[in-house]
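From just these sequences and the hints, can you work out the full model?
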Amino acid sequence: MQRSKNWPAIIERLNRSPRGELRIRMGSPGSAQVTRCRLLATWANLEVKTLGSTIHLRLAS
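First residue of the sequence shown? That's 8 in our numbering, and the numbers climb one at a time after it.
Since the hints were made in silico from the structure, they are not lab data. All values derive from a computational prediction rather than experimental measurement. The C-beta atom is built at its ideal place from N, Cα and C for all residues, glycine as well. Please note: incorrect hints may appear among the correct ones.
Unchecked claim - Dumping the calculated EDC-like pairs for lysine to aspartate or glutamate here, alpha-carbon to alpha-carbon at most 20 Å:
(1) K56 with E28
(2) K56 with E19
(3) K12 with E28
(4) K12 with E54
Claimed, not checked - The calculated label-pair distances, taken between Cβ atoms and stated as ranges, are:
(5) G34 with S68: 28 to 34 Å
(6) S68 with R10: 29 to 35 Å
(7) S35 with S68: 25 to 31 Å
(8) G37 with S68: 25 to 31 Å
(9) R10 with T49: 16 to 22 Å
(10) E54 with G34: 19 to 25 Å
(11) T61 with A16: 15 to 21 Å
Dropping the structure here:
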């Protein structure tokens, strides 16, 4: 069983990244889509896309 991701820590890492972008690998395309919706509902300054089971996070400009 995989442990759940610490999204506040991941968002903090995104804020510190020089490019303002991160890619996070999820377990399945469905979990990536659900997580995308949850992230958009929680954080207002994000652009979130999914490609298969990968989530692309980017700081909104």
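A quick look at each hint next to the structure:
Between K56 and E28 the alpha-carbon distance is near 11 Å, which keeps this suggested pair within the 20 Å criterion. Annotation: proposed proximity of K56 to E19 holds, straight-line Cα distance about 18 Å (limit 20 Å). The hinted pair formed by K12 and E28 meets the criterion: a straight-line CA distance of about 17 Å does not exceed 20 Å. Between the alpha carbons of K12 and E54 the distance comes to roughly 18 Å, so the proposed pair stays at or under 20 Å and holds.
The hinted window of 28 to 34 Å between G34 and S68 holds, with their beta carbons roughly 30 Å apart. In this structure the supplied range 29 to 35 Å holds for S68 paired with R10, their Cβ-Cβ distance being about 32 Å. The hint said 25 to 31 Å for the Cβ distance between S35 and S68, and at roughly 30 Å that hint holds. In this structure, G37 and S68 meet the distance hint of 25 to 31 Å, their C-beta atoms being roughly 29 Å apart.
Separated by about 19 Å at the C-beta atoms, R10 and T49 satisfy the suggested range of 16 to 22 Å. Taking the beta carbon of each, E54 and G34 are about 22 Å apart, inside 19 to 25 Å as hinted. For T61 and A16, the Cβ-Cβ distance of about 19 Å falls inside the hinted range of 15 to 21 Å, so the restraint holds.
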